[in-house]
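Here are the chains, one letter per residue:
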Amino acid sequence: MLPYPVCPSGSCIKTSGLLELPFAPGVHGQPALADLSQMKKLKDVAFRCETLHVRWIIVALETITSEQRGFQQISINIPHYLVVAGDPASVRRTVGEETYGEWTDLDRLLVRFLESRAVRTKIVYGVEARGEKGQHGHIGGLLPEMTARGIIELGTPW
Amino acid sequence: MTIPHLPQEILDYATDLLHDEQETLKRCCLVSKSWVPRARKHLFADIKFSCTEVLEAWKKAFPDPANSPARHTRSLIVSCPGSVTAADAEEVGWIRAFSRVERLLVWADRATFFVDWELSLIPFHNFSPVLKSLRMIYCPLPRSRVFNFICSLPLLEDLHLTETTSYETDYSGIDFQPSASLPLTGTLELYSPGMEPTVGRLLDLPGGLHFRKLVVTCFSAENLGWIMALVARCSDTLECFEAGAPLSRMSFWLLH
Numbered sequence: 429m430l431p432y433p434v435c436p437s438g439s440c441i442k443t444s445g446l447l448e449l450p451f452a453p454g455v456h457g458q459p460a461l462a463d464l465s466q467m468k469k470l471k472d473v474a475f476r477c478e479t480l481h482v483r484w485i486i487v488a489l490e491t492i493t494s495e496q497r498g499f500q501q502i503s504i505n506i507p508h509y510l511v512v513a514g515d516p517a518s519v520r521r522t523v524g525e526e527t528y529g530e531w532t533d534l535d536r537l538l539v540r541f542l543e544s545r546a547v548r549t550k551i552v553y554g555v556e557a558r559g560e561k562g563q564h565g566h567i568g569g570l571l572p573e574m575t576a577r578g579i580i581e582l583g584t585p586w
Numbered sequence: 302m303t304i305p306h307l308p309q310e311i312l313d314y315a316t317d318l319l320h321d322e323q324e325t326l327k328r329c330c331l332v333s334k335s336w337v338p339r340a341r342k343h344l345f346a347d348i349k350f351s352c353t354e355v356l357e358a359w360k361k362a363f364p365d366p367a368n369s370p371a372r373h374t375r376s377l378i379v380s381c382p383g384s385v386t387a388a389d390a391e392e393v394g395w396i397r398a399f400s401r402v403e404r405l406l407v408w409a410d411r412a413t414f415f416v417d418w419e420l421s422l423i424p425f426h427n428f429s430p431v432l433k434s435l436r437m438i439y440c441p442l443p444r445s446r447v448f449n450f451i452c453s454l455p456l457l458e459d460l461h462l463t464e465t466t467s468y469e470t471d472y473s474g475i476d477f478q479p480s481a482s483l484p485l486t487g488t489l490e491l492y493s494p495g496m497e498p499t500v501g502r503l504l505d506l507p508g509g510l511h512f513r514k515l516v517v518t519c520f521s522a523e524n525l526g527w528i529m530a531l532v533a534r535c536s537d538t539l540e541c542f543e544a545g546a547p548l549s550r551m552s553f554w555l556l557h
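Chains R and F supply the protein sequences, listed in that same order.
Positions 429 to 586 (our numbering) are the ones given, in order, by the first sequence.
Positions 302 to 557 (our numbering) are the ones given, in order, by the second sequence.
Simulated from the structure, these hints should not be mistaken for lab results.
There is no bait here: all hints are sound.
Dumping the calculated PhoX-like pairs for lysine-lysine here, alpha-carbon to alpha-carbon at most 25 Å:
#: 1; chain 1: F; residue 1: K327; chain 2: F; residue 2: K361
#: 2; chain 1: F; residue 1: K433; chain 2: R; residue 2: K469
#: 3; chain 1: R; residue 1: K471; chain 2: F; residue 2: K514
#: 4; chain 1: R; residue 1: K471; chain 2: F; residue 2: K433
#: 5; chain 1: R; residue 1: K550; chain 2: F; residue 2: K514
#: 6; chain 1: F; residue 1: K349; chain 2: F; residue 2: K360
#: 7; chain 1: R; residue 1: K469; chain 2: F; residue 2: K514
#: 8; chain 1: F; residue 1: K433; chain 2: F; residue 2: K342
#: 9; chain 1: F; residue 1: K349; chain 2: F; residue 2: K433
#: 10; chain 1: F; residue 1: K360; chain 2: F; residue 2: K334
#: 11; chain 1: R; residue 1: K471; chain 2: R; residue 2: K550
#: 12; chain 1: F; residue 1: K514; chain 2: R; residue 2: K468
#: 13; chain 1: F; residue 1: K349; chain 2: F; residue 2: K327
#: 14; chain 1: R; residue 1: K550; chain 2: R; residue 2: K469
All chains, full assembly: derive it from the sequences and hints.
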């Protein structure tokens with residue numbers, strides 16, 4: 429008997445150890461942190477970033493299905509030291525193509541959630557990161573489409 | 302000038318409005334003896350034993366546990382659990398004076414507070430039958446000891462477990478003995494680099510898990526399966542899911 433529970437519907441990912449652990453199918457065959465589709469009563473999800481790599485967030489969000497009708501909010505917590513100031517072009521140069529591409533994908537996904545299901549997005553980051561141009565000044569370079577629509581709700585870190 | 306007599310209910314209501322005004326409440330206690338009980342209810346609602354000196358000061362001020370204001374305490378923080386258990390050994394039932402605590406934080410981090418490996422949690426077992434929220438930060442204690450304590454709390458809804466190191470701490474040979482089922486209907490927050498044994502014990506709890514909110518931090522690829530197992534176990538009740546990945550190594554693990 430395996431020393432860990434196995435998700436009956438999950439596949440397996442080869443880990444650095446000897447065990448093969450179960451995982452949920454995610455985007456493009458990548459494993460998701462959790463199969464959020466299992467949570468039939470899901471209302472809110474929150475992600476805490478410690479680097480600007482957000483692919484894992486996309487993979488997790490992609491597991492949410494239209495059957496989860498109560499789903500209403502996505503929160504993303506970004507430490508103030510990670511928020512890059514500037515317009516999209518300068519942010520792209522600063523963070524690099526790969527990272528910027530991840531944020532572009534996340535931006536599109538959040539817009540899709542908003543348009544198809546009216547899911548709110550809340551970005552939580554430290555006050556130090558809020559630019560003089562306005563509260564959305566800094567995050568605008570990372571989530572340009574969401575920012576342009578003025579639909580990002582800012583929260584204060586806990 | 303005489304003070305008009307007001308019904309006690311009115312005085313209590315006025316005092317309740319001052320529940321977060323510590324200094325004003327202290328002054329209320331000087332006005333009249335009849336004001337003291339209600340003011341005490343709020344003054345002693347949140348108690349923190351941050352070190353042995355604070356604990357000794359409490360014992361000196363309130364030598365009789367049965368008549369101490371401990372019965373007013375709803376939220377208790379213990380950063381010196383060894384001193385508390387010693388106090389309980391000296392005066393049997395000392396901890397049980399805090400029998401109305403609903404929220405408890407036990408900070409048993411050896412690196413910070415020199416907690417002994419042999420620290421017993423038995424004096425804490427069901428010390429407050431109304432306890433609903435438990436936060437434990439522990440590094441040296443055997444998980445079986447922690448989980449036996451958890452299982453002693455019949456109304457437990459929220460559970461926050463922080464293990465500050467990833468090494469195995471179940472060396473002591475004390476068996477984990479799950480007993481009655483717990484409600485576990487609130488929040489589960491888990492911060493544990495080596496979460497496998499902890500999650501294994503959570504999954505073993507009798508009565509199952511019914512958490513509405515899950516807060517997890519994923520430290521390694523090995524953690525993924527365990528987080529998913531928790532999600533699967535609570536999938537009928539989960540409404541909120543919060544995940545963090547230190548240094549977002551997740552991205553690396555997931556993509557390589």
